[in-house]
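The residues making up each chain are set out below.
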Amino acid sequence: MDGDSSTTDASQLGMSGEYMAGSHYVLQSQDDDGDESLHDHEEGNGSKENFREQDIYLPIANVARIMKNAVPQTGKIAKDAKECVQECVSEFISFITSEASERCHQEKRKTINGEDILFAMSTLGFDMYVEPLKLYLQKFREAMKGEKGIGGVSVTEGLGEELTDDSFANQLPAGIITADGQQQNVMVYTTSYQQIPGVQQIQFS
Amino acid sequence: MSGDNAEDNVNHASNSKGISLPMTRVKLIMKSSPDVSSINQEALLITTKATELFVQYLALSSFNNGSGKDNKTLLYSDLANTVEGTETFQFLTGNNYCCHHHVTYIPFSLSIQ
Numbered sequence: 001m002d003g004d005s006s007t008t009d010a011s012q013l014g015m016s017g018e019y020m021a022g023s024h025y026v027l028q029s030q031d032d033d034g035d036e037s038l039h040d041h042e043e044g045n046g047s048k049e050n051f052r053e054q055d056i057y058l059p060i061a062n063v064a065r066i067m068k069n070a071v072p073q074t075g076k077i078a079k080d081a082k083e084c085v086q087e088c089v090s091e092f093i094s095f096i097t098s099e100a101s102e103r104c105h106q107e108k109r110k111t112i113n114g115e116d117i118l119f120a121m122s123t124l125g126f127d128m129y130v131e132p133l134k135l136y137l138q139k140f141r142e143a144m145k146g147e148k149g150i151g152g153v154s155v156t157e158g159l160g161e162e163l164t165d166d167s168f169a170n171q172l173p174a175g176i177i178t179a180d181g182q183q184q185n186v187m188v189y190t191t192s193y194q195q196i197p198g199v200q201q202i203q204f205s
Numbered sequence: 001m002s003g004d005n006a007e008d009n010v011n012h013a014s015n016s017k018g019i020s021l022p023m024t025r026v027k028l029i030m031k032s033s034p035d036v037s038s039i040n041q042e043a044l045l046i047t048t049k050a051t052e053l054f055v056q057y058l059a060l061s062s063f064n065n066g067s068g069k070d071n072k073t074l075l076y077s078d079l080a081n082t083v084e085g086t087e088t089f090q091f092l093t094g095n096n097y098c099c100h101h102h103v104t105y106i107p108f109s110l111s112i113q
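Line by line, the protein sequences are chains E and Y.
Heads up: the first sequence is residues 1 to 205, going by full-length UniProt numbering.
Heads up: the second sequence is residues 1 to 113, going by full-length UniProt numbering.
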């Protein structure tokens, strides 16, 4: 494989023809407004019924933005690297979900909850995420309670105001383990909330 | 699914909560796994947040380990190298079938050609 190639030829990416459903591999334009598209790698297929699970991706603009913020400021990211991570992300989500789902079934439950996800992460080698995620979840629960009082289930405009963007600005990354093995400080929030007991389970499917 | 008010609110919340990924899309991917019936909001929230962390981790590890150190560009090959060399990322190579649900799935291979 040519390391400095900037092409996104499917063969270079090591993908078989069968993997890409139907149409040929399409290069994506730089100014991506494809957030509406499920399949950022393909044209034309707007129908949700025809997808296979491996064809659903998160929008590449979002993925690329997170990558950009993660690497040093002067760093750039090759186009095929963005697309690669975009696909890895779908793999990751499916990977975690399958494991969580299995645990759910074993315990005769139908709904995957937060604990299932955390357990799956811990089992699958992402235990370094568990504590930051627990912290994040705790803050989320407290924020929901604080805004709506007893029994509130929806996230309102008011909540959006309370949790301003400033509260979260530059709080990512949290719990990142750098290549040299050192773990950055876990910093999920700077805003402090009162500890409010109780868990609010909101279910939808 | 898209007409669900609670879900719209959650999606709005995701923008004001320091999450930069669309939760409805994450949910779609989650639900495409076999045998998944329903997912509660916390599970969706955690998964979305974890996905952000995953992207950061993968990008930064690959950048630091790869040729990006010199010419400051994260390349596909950097990702491939990092995935090959990191135990946690083995699920991405297709060499290690941890997910037995995906029996007919052709894995996305990042093995070096």
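A portion of the hints provided could be inaccurate.
Unchecked claim - Subject to a maximum C-alpha distance of 25 angstroms in a straight line, what follows is the list of computed DSS-like cross-link-like pairs (lysine-lysine):
1. Lys68(E) with Lys79(E)
2. Lys76(E) with Lys31(Y)
3. Lys31(Y) with Lys79(E)
4. Lys108(E) with Lys72(Y)
5. Lys145(E) with Lys134(E)
6. Lys68(E) with Lys31(Y)
7. Lys110(E) with Lys31(Y)
8. Lys108(E) with Lys145(E)
Claimed, not checked - Derived contacts from chain E toward chain Y, CB cut-off under 10 angstroms, selection only:
9. Val71
10. Ala81
11. Ser94
12. Gly146
As the list claims (entries may be wrong) - Rough simulated footprint, nothing fancy, chain Y against chain E, three-plus residues with beta-carbon under 8 angstroms:
13. 120–128
14. 131–139
Calculated directly from the structure, the hints in this document are not laboratory data.
Idealized CB from N, CA, C, for every residue including glycine.
For each hint, the structure was consulted:
A C-alpha spacing of about 12 angstroms is found between Lys68(E) and Lys79(E), which places the hinted pair at or below 25 angstroms, so the restraint holds. At roughly 33 angstroms between alpha-carbon atoms, Lys76(E) and Lys31(Y) are farther apart than 25 angstroms, so this suggested pair is violated. Under the criterion of a C-alpha separation no larger than 25 angstroms, the hint pairing Lys31(Y) with Lys79(E) is inconsistent with the structure, at around 28 angstroms. As the CA atoms of Lys108(E) and Lys72(Y) are separated by approximately 50 angstroms, the hinted pair breaks the 25 angstroms bound.
Distance check on the hinted pair: Lys145(E) and Lys134(E) sit about 16 angstroms apart at the alpha-carbon level, within 25 angstroms; holds. For the hint linking Lys68(E) to Lys31(Y), the alpha-carbon distance of about 28 angstroms lies beyond 25 angstroms, and the restraint is violated. A threshold of 25 angstroms between alpha carbons decides the hint, and for Lys110(E) with Lys31(Y) the separation of about 13 angstroms falls inside it, so the pair holds. A C-alpha spacing of about 29 angstroms is found between Lys108(E) and Lys145(E), which places the hinted pair above 25 angstroms, so the restraint is violated.
For Val71(E), the suggested interface contact is upheld, since its CB lies about 4 angstroms from the closest CB of chain Y, less than 10 angstroms. Restraint check, Ala81(E) versus chain Y: the minimum CB separation of about 5 angstroms is within 10 angstroms; hint holds. Among the interface hints, the one on Ser94(E) holds; its C-beta lies about 5 angstroms from the nearest C-beta in chain Y, closer than the 10 angstroms criterion. Using the Cβ-Cβ criterion of 10 angstroms, the hint placing Gly146(E) at the interface with chain Y is not satisfied: the shortest such distance is roughly 14 angstroms.
Three residues within the 8 angstroms Cβ limit are the bar, and the stretch 120–128 of chain E against chain Y gives 4, so the coverage statement holds. With a cut-off of 8 angstroms between beta carbons, the stretch 131–139 of chain E has 4 residues touching chain Y; three or more are needed, and the interface restraint holds.
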